[in-house]
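Produce the complete structure using the sequences and hints provided.
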Amino acid sequence: MTRRLYAHFAISTAVLLLSCIVGCGRGDLPELTEVTGTITLDGNPVEEVDVMFSPVEEGRPSTSRTDADGHYRLYYSSDNAGAIIGNHMVSLSKIERRPANTDTPGEFIEDELIPPQYMEDGSLTAKVQDGGNVFNFELVSQ
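Just add 1 to the spot in the sequence shown (first one is 1) and you have my numbering.
These aren't lab readings, by the way, just hints derived from the structure by calculation. These figures come from a predicted structure and were not determined experimentally. Incorrect hints may have been included.
Stated by the list, open to error - Now the in silico label distances, taken between C-beta atoms and shown as ranges:
#1 124 x 66: 19 to 29 Å
#2 107 x 74: 26 to 36 Å
#3 31 x 114: 30 to 40 Å
#4 44 x 74: 17 to 27 Å
Glycine residues also receive a C-beta, built at the ideal position from the N, C-alpha and C atoms.
Next comes the structure, spelled out in structure tokens:
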């Protein structure tokens, strides 16, 4: 599950970067609206969480990464803040890399720090509406 989510983030990030390189005029963009929020775990803000809102209908996702206070602001592309209006599946991921206990240098173990109950497909959703949106996700360990 963790590898699938990580791959989903990697592919979405690549699509986002590619579309930024190719470029698009403001007229080519779907209707976007601002989305912000905070991620907490057991009441404490979580830094460096990858946040992705993927439209249930068609369209590419908007992404962000939380700051030291757990705050995020979604971006559709590098120059365009916001997310497509409509229903979204929300994905959260925070990968911690640590050295593997092997004799091979450069080997790492990746641990997903977001609790597993939030990693299931459909466990987190959001309805993005026209105007400003604030989605706070208050996660608990167990």
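* Against the structure shown, which of the earlier numbered hints fail to hold, in ascending order? -> none
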